[in-house]
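Protein chains in written order, with the working numbering: chain A, 1 to 448; chain B, 1 to 448; chain C, 1 to 517; chain D, 1 to 517.
Just so you know, the hints here were simulated from the structure itself, not pulled from any lab data. If you're wondering where the values come from, they're calculated on a predicted model, not measured in any experiment. You may find that some hints are simply not true.
To be verified - Dumping the calculated DSS-like pairs for lysine-lysine here, alpha-carbon to alpha-carbon at most 25 Å:
#1 B:K320 / D:K186
#2 D:K186 / D:K148
#3 A:K320 / C:K186
#4 D:K114 / C:K114
#5 B:K320 / D:K228
#6 A:K320 / C:K228
#7 C:K186 / C:K228
Said to hold, decoys possible - Across the chosen pairs, the derived CB separations fall in these ranges:
#8 B:I446 / A:R440: 44 to 50 Å
#9 A:D9 / B:R389: 56 to 62 Å
#10 D:R40 / B:A444: 56 to 62 Å
#11 D:R462 / A:R281: 32 to 38 Å
#12 A:S415 / C:E29: 53 to 59 Å
#13 A:S33 / C:E473: 42 to 48 Å
For glycine and all other residues, C-beta sits at the position ideal for the given N, C-alpha and C.
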Amino acid sequence: MRYLPLTHDDRRQMLGLIGADSIDDLFVDVPVSARLPGPLDLPSHEGELAVERALSAMAARNRPAGAGPFFCGAGAYRHHVPASVDHLIQRSEFLTSYTPYQPEIAQGTLQVLFEFQSQVAALTGLPAANASMYDGSTSCAEAVMMAARVTQRRKAILSGGLHPHYAQATHTLAHSSGVATERLLAEVDGESAVISVLDSETACVVVQNPNVFGTVSEFTAIAQAAHAVGALLIVVTTEAVSFGLMKSPAEMGADIAVAEGQSIGNGLNFGGPYVGLFACRESLMRQMPGRLCGQTVDAEGRRGFVLTLSTREQHIRRDKATSNICTNSGLCALAFSAHMTLLGGTGLEALARLNHARARALRAALVEIPGLEVVTPRMFNEFAVRLPRAAASVVDALAAKDVLAGVPFSRLDPSAGMDRVLLVCATEMTTEADIADFARALRAEIAA
Amino acid sequence: MRYLPLTHDDRRQMLGLIGADSIDDLFVDVPVSARLPGPLDLPSHEGELAVERALSAMAARNRPAGAGPFFCGAGAYRHHVPASVDHLIQRSEFLTSYTPYQPEIAQGTLQVLFEFQSQVAALTGLPAANASMYDGSTSCAEAVMMAARVTQRRKAILSGGLHPHYAQATHTLAHSSGVATERLLAEVDGESAVISVLDSETACVVVQNPNVFGTVSEFTAIAQAAHAVGALLIVVTTEAVSFGLMKSPAEMGADIAVAEGQSIGNGLNFGGPYVGLFACRESLMRQMPGRLCGQTVDAEGRRGFVLTLSTREQHIRRDKATSNICTNSGLCALAFSAHMTLLGGTGLEALARLNHARARALRAALVEIPGLEVVTPRMFNEFAVRLPRAAASVVDALAAKDVLAGVPFSRLDPSAGMDRVLLVCATEMTTEADIADFARALRAEIAA
Amino acid sequence: MSLSSVGRETRPMPIAKPASHPGRGLLQEEPLIFGLGGWRKTGVDLPQLPPDAASDASDLAGLTRAERPSLPGLSEPEALRHYVRLSQKNHAIDLAIYPLGSCTMKHNPRLCEKLARLPGFSDIHPLQPIATVQGALALMSELAHWLKTLTGMPAVALSPKAGAHGELCGLLAMRAAHEARGDARKTVLAPTSAHGTNPATAALAGYQVVEIAQTIDGRVDLADLAAKLNRDVAAVMVTNPNTCGLFERDVIEIARLTHAAGAYFYCDGANFNAIVGRVRPGDLGVDAMHINLHKTFSTPHGGGGPGAGPVVLSEALAPFAPTPWIVQDGSGWALAEHAEGPAQAALGRMCAFHGQMGMYVRALAYMMSHGSDGLRQVAEDAVLNANYVKARLQAVMSAPFPRGPCMHEALFDDEWLAGTGVTTLDFAKAMIDVGFHPMTMYFPLVVHGAMLIEPTETEPKRELDRFCDALLELAAAVRDGDTERFTGAPFHAPVRRLDETMAARRPHLRWTPEDRL
Amino acid sequence: MSLSSVGRETRPMPIAKPASHPGRGLLQEEPLIFGLGGWRKTGVDLPQLPPDAASDASDLAGLTRAERPSLPGLSEPEALRHYVRLSQKNHAIDLAIYPLGSCTMKHNPRLCEKLARLPGFSDIHPLQPIATVQGALALMSELAHWLKTLTGMPAVALSPKAGAHGELCGLLAMRAAHEARGDARKTVLAPTSAHGTNPATAALAGYQVVEIAQTIDGRVDLADLAAKLNRDVAAVMVTNPNTCGLFERDVIEIARLTHAAGAYFYCDGANFNAIVGRVRPGDLGVDAMHINLHKTFSTPHGGGGPGAGPVVLSEALAPFAPTPWIVQDGSGWALAEHAEGPAQAALGRMCAFHGQMGMYVRALAYMMSHGSDGLRQVAEDAVLNANYVKARLQAVMSAPFPRGPCMHEALFDDEWLAGTGVTTLDFAKAMIDVGFHPMTMYFPLVVHGAMLIEPTETEPKRELDRFCDALLELAAAVRDGDTERFTGAPFHAPVRRLDETMAARRPHLRWTPEDRL
Ligand SMILES: Cc1ncc(COP(=O)(O)O)c(C=O)c1O
Ligand SMILES: Cc1ncc(COP(=O)(O)O)c(C=O)c1O
């Protein structure tokens, strides 16, 4: 076996030194009834070539986004990742290192995390950012739990524009600790509706920008209303590229900002691994979940970095910890940070403008189609359209023509009664030809 | 421009320090008539995405060997390269380093070269191996020039089994220095014919094993005959995997062994870059072309490695050098060495046996086809067959059916009158299904 | 996991600062990206916008940010160099043994990296039409088959994003099962030796945690367990092999007692590497167990993640598994994404989309490469390597549980350091100076000054000997009273010992323009 | 190119050997593969042979080797670690400036690496049917178009494998042209400052080399050239910009004189990076010039290669270009692989197959990324960076040609070191200790103790300042007489100064069982 260095001789010698007759002697503590006599009923080992053939065959049964017209968004976005980013995350010293618990020989990872935190702080406008969460949806759930801890209240209000998966993941987590999640009806331009249901029991309101329908909004009024009743404002962003152009959560009064960072540096990967961004006001820092990297000095007074404030964390605070998270999304954070370092503020803004322009071009093409109605009032790079019939069937029909037309809202939330709503997205990857093909196919399908 | 770090400010400041008004001041030595006023008539700069799209479109117009049945060999072979090998050669410290002229900060490359030389010596059986040449064909040409230097004679005999490209490259180089190359008629089993033309003018005889028709031979008699007249025996190998099973050049009395190393660690790459292996007897060491890495010690007595015997080389000996080679094939040598380190002698022998078995299976399938005649008497992993009509037309017809049937000998040497000869090859990559598809298609084509 | 210290933050004594070089030999000093002067630069070339597009902002009126994010952009040469330089300040499994107990730092095959990057896996969207991702669903169900067969469990929930997330998933399934039969419960029992995520997860799942005592031979105290089991107990959480590197001999009895009390048995599977192919948790009475694909099945740790924590479930818990579920339908594979139909009782959703596909590809490639024979060998070699290290070091370093074999990791305490003026932390830092990464320190908490060594099966004997020789040499130096070598360590790392106390007292979590660069 | 020394092999004074550690901090000692004990192992899993196949050897009777090659095989974890450890003992452009004059060590875009690995390029056979490689031929002709346009030359031969091979190709074309008109010639003129490959190539091509003198301002001495030109001269070889980093002001006159004598003008294009987009060699009267794609067009050096050396040719030489030629035919692209038809007069074949396809892909991706505007900027920034370094160092280090701008590289001599007891070699080795790779030393030969610095355009100003500051600090140390710091250097590299004399006296070119491991 190519991955197992021990030879039979090694094993014999080592057993000898240990003083065991056979390997079985080392498994004596296993109850006899549970000892497996031999290999289980699974295929035995295979060479690289065979494994590569088998998995390549599976891969060939999927239709890559890059293989043709593609317009899916709704929380996962297809952007161009510079070749150097994927090269860097494959560096042995980044790829095969562990959580930087021994700072003196992990300064590479630690400095990257410090830079990552600084970048996330600059994008969200909130000073305290952590070293990453699993993804945007679990960050949202943790933010709600954090708000409940901070306010000592047990109710969270989720806007009708929040991504349904985020709402569900948040409910799952909050529910078990008795934190109620009140989710407003799905509504294309529904963020501001949260104000009406705020009360003194409210721990936090969760709004999304751009929201799941692509609608871009202003939250200052919501922030004021929330703060007026002692609730926190949590702003969710699923399309991180929008940070390059849209008002930052902090500018609108957010107390906590969470985001899905996949758009920057990370591929679609069928939904994971992604990277959760988490930032908050300075005053809430010690209530944050996840790891924090901090700057310090070494014995010679030189700058260095360490994991810090770990008394918030499970390995020290145990059942009093701010979260149970341990392994996070370090390598995806590196990819995010490296891509962000290539872009810079200038490049990110330009990229955001380009995305917006592409989406406008897409909208201009689709709005021409009889029977199709654009329902998103103000968008960044994605928007919702209402079709004359169930969006799911239209999407399947177009997929058969090799056009991936977007995401039917019913796939995210079948109970919302929005079966005819289709979410479409364009990015810098979307070409004029893609748009033309899509419009043509959709027009034909609707006419049919 | 993403690859150019200087900003306009930088440029201004730097010109200031230099004391130049504009960049043009630095090009004053260029004759006015030759100063280009502005950019040439070529496209202007493009982002990664655009370049990737353009080149991917070109790549899509080629039929990769891995996309279906494939049986080409004739000097370039398709083998499985472990993923770790391609990963290693992309390590920044190997990929972006220069020739190891500063040994104290190039021990990585130097130790790899020392190990590579040791591996080549073990495979060929000849003690002195260099740090790589461009490829097998230029190694062959340089070997002949070396033999002429050593023997002070000006005639080289090339067997009829030598790869025609090797014979042509050798002729091109030898010709200009007045070394005559006598190339025997192409013959499937023609290696031993060289004996009859040996004489006291002969500097060397060049034979190939397995030869271009796939024929495996014994050269001991040739070696004796050559040595009897004071000529050197040069043994060429184009399929390095055969070293795992076949008699080594040294075992058969070779004075110089040259080989194409592509089969181990390197892909097909449409013919390049490849890696030339070059080894000889100890006594001829100082006449060798190319770089040599040698073991030594540092000021503290620790083992280290340096480039050595450079007084043979162009940068020191100039017009008296043993060759003009400077840049060689270092990274391909690393790929060869790393793959060889994974294989080990055990793995290489097993791989060779597997290749032989696959070729036998291919032969067994083809020999059944009416009108087809197997002409190679003894083979390793490739062999020649004679078809009822021109091989080139058959190959084109099968290509249209997406079967890459092998190499028509006429493509290598149109003048040999072997238009009906087809060279076919099988490796560990060849599946039973590939063989069946090939046999079926060929049978049909011949019958048609 | 591993701690550099628990409540024992390092605070080195300051030392005179030497002349600082731009670099030293091959090691390059590297400033922060903020110090590389890219404030108005970018390392990405984008197509020009059509002027109208640039101007027209009807959508965004009043919604754009006051000023562009103030972040530096670097040309590719500068950016690449920045990260390559930083990378060389890290230890990595590709450089040497990474003996962190409980972390299973094993070799990461490059084949897995290559396959995870096939566009058919890396460039597909989680919400594409199901007909266009049949290969992805096939891969997920193939992975599920391997996991179920290896654990002997009937069901698996793939979506949890890491071990701790898997723990949460398991406990939430238990909560759902209890609620479904109107039997709400309040507490979770877990041994003191449990990994921090166990109590943290139980609390997050809304339970109170009650600790179970440990016997002198490092196992769960059955009597104490029996005494604490009652109708309020929702679950018993046990790690097996446990965090002392020992197999819980009475695991079957633990399960029996737990079930008898109407509670469920959660097994923390972080140490599955020690028994894969030799023992099936399903044969031990387990109701739920997470599997860290980034440990046992070798997906790279990447400096902290990402990982994946699928949870295998018993018949009793299977109906409550979170969505999505992969279901076979006539034409191929489908996804049950909502709590309806077969997934009606689902506990809900653990996260957006379907989990860590990138890790699934790597883990399956790893499993197929080893096969059932190779995976069994993995467990045997992992246990053999640990016992070899234990045998070689035991003479000099004190082991809290000396008798009998250990499983995949060898545990020592600091009794042997008593009175030497050298702490576990000092000893660990001194290991760095001789080229080794320290073992896990101060965990598990039940052992004083714990040193937990997990070599894994991918360490050759030669590396183990190098490692043991070095530790024995250091131990000799301790006995010889060469204390500075330890208290001042590390001397040869890219930086000297770092001041963690200061970092915690004055948290400095991001660069600001006031900072030096 | 670069030499650690010319006839000045280093022979350090021995020093007492310190206790050797398995490693030190992050730097790991690493034995040879032969010392890792894999004699009966392999790191590759192959399918079992059908027993009959294994046994039956009718083909190979009497032809198999006496014993299998005695080479160690390592498991993947061991092999990967071996090479990763070794890699960290290298300097690389990704780590810091690599100021080797004449080598053009610039940034290598990772996009190019990615594209060269597309199966459509990396997995195609050179002898596949032409109809199945149309994209590859299209790429080659596109590359040819860029090279011809940038040089203003009508033809290009792509197949030469490196610069020296390109030189040979150019001279052989000239020989063929002369022979074709029955005008055989014997000599080649080249300046003393020429790179070693120039005379070596001329000799290999069967010519005698006559050296041309140099003027005090570092250019070809026209009078000497005119005096030496005669009917025996086949070619004049000049590097432009030349190896002193200067543009040959009289290049057009050189060409005129050369042609007047019936000879051809070969230009060594290794330094094309200095003028790409600003000057076309075709406008200077050049007949042949090789282009090192691994310099100007950034294909990675890979620790010594591979490279590629396409040669652009004038009308006069075009017919003699080596096969293969790419030719357009109605249906698309074709290859003329034999000296017949259009390629009738071809000088023959330089090598098997069609040249360095892997480099063509990278070079074209690099060219398209820069575009005609970016490539012009490349030349300007390369020249600007070199002049900046010259300006900053000139005050302290002596420059043989101080007046006027240099092109892409700044040349210094060792006059300023006279009497200090520090040689160019010592100074260079001391640079290593402060984190920098030395410049090219002792080349060109026309300058005593030459130090040739080529920063390239991909170095940011910040790195140039770091570099200059460090050299100025070292220069100060020289003046302060801190000689040991230089004669003993390097102190901080993975090894101390190596004994090159011993290596040459007792060549030890491979491991043998007698060696230690
Ligand atoms: C015993 C044990 N349980 C649980 C965990 C948590 O797993 P993860 O880090 O994947 O969340 C770990 C990780 O170190 C562990 O060692
Ligand atoms: C001036 C000059 N000419 C020719 C060459 C030879 O080129 P190559 O190394 O590609 O054969 C070099 C390479 O260093 C060079 O600097």
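**Report entry** Those earlier numbered hints the structure runs against, lowest number first
**Finding:** Those not satisfied are hints 2 and 10.
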